[in-house]
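Trainee: For reference, the chains in residue letters:
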Amino acid sequence: MTNLAVNLPGLQLKNPVMPASGCFGFGREYSEFYDLGKLGAVIMKAATGSERFGNHVPRVAETSSGMLNAIGLQNPGVEKIIETEVPFLADYDTKLIANVAGSTIEEYELVAKTFNQTNQVHALELNISCPNVKEGGSQFGTDPFMAAKVTERVKQANNLPVYVKLSPNVSDIITMAKAVEAAGADGLSMINTLAGMQIHLPSKRPLLANKTGGLSGPAVKPIAIRMIYEVKQHVSIPIIGMGGISNAEDVLEFLLAGANAVAVGTANFQNPFICPEIIDELPGVLNKYGFGSVQDAVGKGIVE
Amino acid sequence: MTNLAVNLPGLQLKNPVMPASGCFGFGREYSEFYDLGKLGAVIMKAATGSERFGNHVPRVAETSSGMLNAIGLQNPGVEKIIETEVPFLADYDTKLIANVAGSTIEEYELVAKTFNQTNQVHALELNISCPNVKEGGSQFGTDPFMAAKVTERVKQANNLPVYVKLSPNVSDIITMAKAVEAAGADGLSMINTLAGMQIHLPSKRPLLANKTGGLSGPAVKPIAIRMIYEVKQHVSIPIIGMGGISNAEDVLEFLLAGANAVAVGTANFQNPFICPEIIDELPGVLNKYGFGSVQDAVGKGIVE
Amino acid sequence: MKNEKMQIMSVNSVALDTIEMVLKNSYISQTAVPGQFLHVGVDGHTLRRPISIADVNKQEESVTILFKIIGSGTRHLSSYQAGMILNVLGPNGNGFPIQDDATVLLIGGGIGVPPLYNLGKTLAERGTKIISILGFQTADSVFYEQKFRNLGETYIVTNDGTYGYEGYVTDVLELTDDFDRYYSCGPVPMLEAITAALKHKQGFISLEERMGCGVGACFACVIPTDTQGGYKKICKDGPVFSAQEVML
Amino acid sequence: MKNEKMQIMSVNSVALDTIEMVLKNSYISQTAVPGQFLHVGVDGHTLRRPISIADVNKQEESVTILFKIIGSGTRHLSSYQAGMILNVLGPNGNGFPIQDDATVLLIGGGIGVPPLYNLGKTLAERGTKIISILGFQTADSVFYEQKFRNLGETYIVTNDGTYGYEGYVTDVLELTDDFDRYYSCGPVPMLEAITAALKHKQGFISLEERMGCGVGACFACVIPTDTQGGYKKICKDGPVFSAQEVML
Ligand SMILES: Cc1cc2nc3c(=O)[nH]c(=O)nc-3n(C[C@H](O)[C@H](O)[C@H](O)COP(=O)(O)OP(=O)(O)OC[C@H]3O[C@@H](n4cnc5c(N)ncnc54)[C@H](O)[C@@H]3O)c2cc1C
Ligand SMILES: Cc1cc2nc3c(=O)[nH]c(=O)nc-3n(C[C@H](O)[C@H](O)[C@H](O)COP(=O)(O)OP(=O)(O)OC[C@H]3O[C@@H](n4cnc5c(N)ncnc54)[C@H](O)[C@@H]3O)c2cc1C
Ligand SMILES: Cc1cc2nc3c(=O)[nH]c(=O)nc-3n(C[C@H](O)[C@H](O)[C@H](O)COP(=O)(O)O)c2cc1C
Ligand SMILES: Cc1cc2nc3c(=O)[nH]c(=O)nc-3n(C[C@H](O)[C@H](O)[C@H](O)COP(=O)(O)O)c2cc1C
Ligand code: FES
Ligand code: FES
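Residue numbers (this note's numbering), protein chains in the order written: chain S, 16 to 319; chain X, 16 to 319; chain V, 422 to 669; chain Y, 422 to 669.
Treat the hints as calculated values from the structure; they're not laboratory data.
Possibly wrong hints are sitting among the right ones.
[To be verified] Covered stretches of chain S, going by a simulated chain X footprint (3 or more residues, C-beta under 8 Å): (1) 123-132; (2) 178-188.
[What the hints assert, rightly or not] Straight-line C-alpha distance at most 20 Å; calculated DMTMM-like pairs for lysine to aspartate or glutamate: (3) K219(X) x E196(S); (4) K426(Y) x E47(X); (5) K657(V) x E319(S); (6) K423(V) x D311(S); (7) K653(V) x E66(S); (8) K489(Y) x D581(Y); (9) K226(X) x E630(Y); (10) K423(Y) x D187(X); (11) K226(S) x E245(X); (12) K219(S) x E319(X); (13) K657(Y) x D158(X); (14) K226(S) x D438(V); (15) K426(V) x E245(S); (16) K226(S) x D187(X); (17) K423(V) x E319(S); (18) K426(Y) x E245(X); (19) K219(X) x E296(S); (20) K479(Y) x D438(Y); (21) K423(Y) x E47(X); (22) K226(X) x E47(S); (23) K219(X) x D50(S); (24) K219(X) x E47(S); (25) K303(S) x E482(Y); (26) K219(S) x E296(X); (27) K219(X) x E292(S); (28) K226(X) x E319(S); (29) K303(X) x E630(V); (30) K219(X) x E630(Y); (31) K423(V) x E66(S); (32) K226(X) x D50(S); (33) K423(Y) x E319(X); (34) K426(Y) x E482(Y); (35) K219(S) x D50(X).
Just so it is clear, CB atoms sit at the ideal spot from N, CA and C, and this is done for glycine as well.
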């Protein structure tokens, strides 16, 4: 029997597949399609210190094999999330990861601290890489010094394992990864979206109200694979891989590149059952390529 | 009548469309499909100081809406190119741009100087952004200081207008663009490919012999548009835009984002007639969206 | 709402660039209410396309949609042929609130007309008197005129006057003041004009926005409900809102 | 070489995951020589797929290709039906050198067999005696056996021994030493073994490599010709090389 289990800091996962932050809300909508207990974990939509209303619409655009989004971290705020969303998800037999965002180090700390008070969240994903907000987010994600600092402070502020979500919009992803590892990150989550834009010809202006948005979907998969492959050789903390995954073969490609587990984002919009379908198909794909377990495949694509 | 002409340093173009470097060899093969005199210009495959044999095969892979390449600057060397390739292209009624590559500043200088000796080349494209070679190329493309230095030295070494080809694999494209503008660049060419990777499941290793390769094609278009849009607002030199162009609407999108002319790469492989077809369709597309000339549309998508 | 396969029964061009497709599906035909939409998968496209349900035939277990060819997704969809299978999420959204009024006014603009047909038919069956004002760009774009006339009094308006009244739907609003409620769907400028002109009336409008998930999970399709940052999701809380509920 | 449209005349499954397609096109059918290939566009795929010409019928202006379903491109291609149009560059590459030998040996491995059929047929018509050794993985993969038998003496080898001889094509090479020249196409390890075993013979091999342009412009498909960095382009200088010309 193929063993899908993965054991990561704070996350004893029955399988390595989880919906990516922002593409699954807080699970309610997709719980109408299937039992969320099938999932290895759920990563919630980003939480900030207080309620955020996000960017103006349009917030999404379609691109070749991908999409742009500029939601702008709309969320009801960490306390409301703990009150109304976490208990709903906690009823399912799955692990829960909270995506932590903010404009200042203090806000990140506050959000992390607040999640620490509930015992229903198993890990934090520190979102220092959202390209769609004016403050915070991406400046933390492109400067290794700032990234290390916010990681350190969030680690101090809470007891949960922290997976730092890296931005791909950098010249040197290895330096970023090493900086947050040194600052105490328990794991990495990569990649967030690539900053992109679409211009709407009839109106002769950027289609998204925010002008730029984050590119996701199959279009970015080669970039994600390259970054994970490079980072894996320089860090020893585990990696949750994502970026364009849409089937079980893609999952194996991420595992071979060095991911320990994976998240699926954009593909949920095309197929609401994508996560359980991938989980069902994964044993067959692992076997086909000669692996007896998920663990066996991790990093096996790295040569020399 | 819709005016397609574009007047750039050294390049009085009858239309803004040219094949991108590396996707058109030195024109011979595509000259069997159509008269190269239809093209605004031709950008030749990269030239280095002496002959280069490039990377091992496989050198290309297919991705969702894109491809990876790691040719590795294979070329017969600048002198051989001037001897055997330039005269062939000079026979056509089109402008000729030489793509200049190297491992050291001295090599870049040498190549530029050598092209200066022929009067059949109208401009240089300074390739500081090739992700597929161990030395040179990308370190010049990600460090603004190095980029400025090589630009300055190449400008000193020759009298031709120099278009610096920027790498998208950077945290801050605006700083790169400003650095080379300050160093004397006559124009920018953007974007080169994004570093990516594909892992071949049956062999459990990177598919490309070079492991990583450069991602091109429609998948990267939103990234190119975003970068051109951002850079346009901070430089006053013209931009040759490229990255995923596959039809005349795409060309207009690049013009609106701020490109003054465009190059078409990967799309040649799907449709060898893509450049002349785009040139034929461009007037209709410009008219449809209310533009009387190419020049009218440049930068018109930039708001606020 | 479920993820369903729908077999295409027929594909017809009913006006300029306007396609009518009849789709077979038991679950959606039995459960859909007027104003709901289908989130339609189109091969080779990352995002699904939201298209309103224009008609339902419970006996034949069929659902009719009407769409205009706008961009690459609808263009590709228009090339699908009878016998092929669509992958659809549906029925999505809330739908129009139904009530037994004496008379209702339906105001549709362009490709906002389809959901009003299903609504009008449903209300007419319940004995409500239907008055319809349908606006189109030009004569070639007019569709479903006879179907609406079968439901009741119908005014056709074209922007260029090539058919029916010339101008905008608001220009003929004065012809009909005798109704209890109005329902409207169409471009935002039209909805703004209508909600302003009919401030004194109870009305419901159906909105469009670019969507990601189409099910309420991604926060792509929000509409403000007040100036304090309140918002609703068009895909889940809508697409139908009371005219006073949202800020256009 | 031109960019041509080819109408699909027929699609047949001739062995496990192996499809035979007959395509109609005047220019390519009249100009193609054995060993050349088509660079076939597949919807939704960035790169074209190189597929050898397996047979030509000049009277009917048709060209036959045979391909194995390997990945997404060939899988999609296998779903195309008769009547549909393929966008093709062709005929590409150099082709096998043709000469009036008394006897030639054809050695094909798997999906390397198809170009040898067109070659064998052409040589047989010119009076050359044809001996064929065809290797396949297993009985289910065997195709075109009778067609080759019609050309002459034919040995079938399967790796697992489920049909014909068991083993590799090299295992049966000793059965036939009486030939002037050999032509081979198949996986690289097979070509390595053959060129080593038949060092004393004149031979031509057809190579495969991942391609970009397929016309010689992108430098994707090179093969070294010596240890000094000499190289040839498989798409343009090849795919056929003399056995001594390239370094496998
Ligand atoms: C609730 C709802 C109901 C709708 N009902 C109908 C209908 O019955 N008939 C009909 O013809 N159209 C309807 N539309 C509009 C329809 O969704 C768009 O015309 C269609 O998505 C355009 O797709 P495209 O690929 O042709 O255009 P493209 O411009 O190529 O599409 C690019 C992206 O933008 C989105 N998009 C573009 N225009 C719109 C729009 N007006 N609204 C929402 N998303 C858009 C597309 O879905 C896609 O994600 C409805 C929209 C909504 C939100
Ligand atoms: C000159 C030449 C002639 C050929 N003739 C035939 C033939 O007659 N019948 C046949 O079945 N196959 C033939 N092949 C191999 C055929 O091109 C590949 O099997 C096919 O491209 C695989 O495409 P895919 O989408 O199924 O696989 P994928 O693995 O999904 O393809 C991904 C990419 O890799 C390329 N690729 C994968 N395998 C090969 C390969 N072996 N050679 C070259 N490119 C490859 C594809 O073209 C594509 O660009 C030939 C190859 C060459 C170079
Ligand atoms: C609509 C949308 C909203 C997103 N919101 C968030 C978010 O709130 N926090 C975050 O860390 N990442 C967010 N992301 C990024 C995804 O979690 C993921 O990193 C990225 O989309 C790449 O994966 P994919 O290609 O599978 O979508 C969002 C992505 C999308 C498409
Ligand atoms: C096969 C291949 C080879 C390339 N070789 C070069 C090169 O020699 N020099 C260079 O500056 N860019 C090179 N490029 C990059 C292209 O010129 C272009 O910047 C990039 O591909 C984006 O455009 P596209 O998406 O239209 O292909 C190459 C691209 C491809 C696909
Ligand atoms: S489209 Fe995702 S919330 Fe409405
Ligand atoms: S495939 Fe481009 S040179 Fe051969």
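Trainee: Has the given pair, K219(X) with E296(S), been kept, meaning a C-alpha gap of at most 20 Å?
Mentor: Satisfied, since the Cα-Cα distance of roughly 19 Å is no more than 20 Å.
Trainee: Taking 20 Å as the top limit, are the C-alpha atoms of K423(V) and E319(S) close enough?
Mentor: At roughly 48 Å apart (the allowed maximum being 20 Å), E319(S) and K423(V) break the hint.
Trainee: Does K426(Y) pair with E47(X) here, judged by a C-alpha cut-off of 20 Å?
Mentor: Between K426(Y) and E47(X) the Cα gap is close to 17 Å, so the pair holds against 20 Å.
Trainee: Is the straight-line distance between the alpha-carbon of K426(Y) and that of E245(X) 20 Å or less?
Mentor: Roughly 42 Å between the alpha carbons, so the hint for K426(Y) and E245(X) is violated.
Trainee: For the pair supplied as a hint, K303(X) and E630(V), is the alpha-carbon distance within the 20 Å limit?
Mentor: 25 Å, violated
Trainee: Does E319(S) lie within 20 Å of K226(X) when you go C-alpha to C-alpha?
Mentor: Satisfied, since the Cα-Cα distance of roughly 11 Å is no more than 20 Å.
Trainee: Does E47(S) lie within 20 Å of K219(X) when you go C-alpha to C-alpha?
Mentor: This hinted pair is violated, its Cα atoms lying about 37 Å apart.
Trainee: Checking one constraint from the list: CA of K426(V) to CA of E245(S), max 20 Å. Satisfied?
Mentor: 42 Å, violated
Trainee: Could you grab the alpha-carbon distance between K423(Y) and D187(X) and see if it respects the 20 Å cut-off?
Mentor: 44 Å, violated
Trainee: K226(X) and E630(Y): Cα distance at most 20 Å?
Mentor: 16 Å, holds
Trainee: Tell me if chain X covers the segment 123-132 of chain S under the three-residue, 8 Å CB rule, please?
Mentor: violated (count 0)
Trainee: Between K226(S) and D187(X), is the straight-line Cα distance small enough, at 20 Å or below?
Mentor: This hinted pair holds, its Cα atoms lying about 17 Å apart.
The earlier numbered hints that this structure contradicts are 1, 3, 5, 6, 10, 13, 14, 15, 17, 18, 20, 22, 23, 24, 25, 27, 29, 31, 32, 33, 35.
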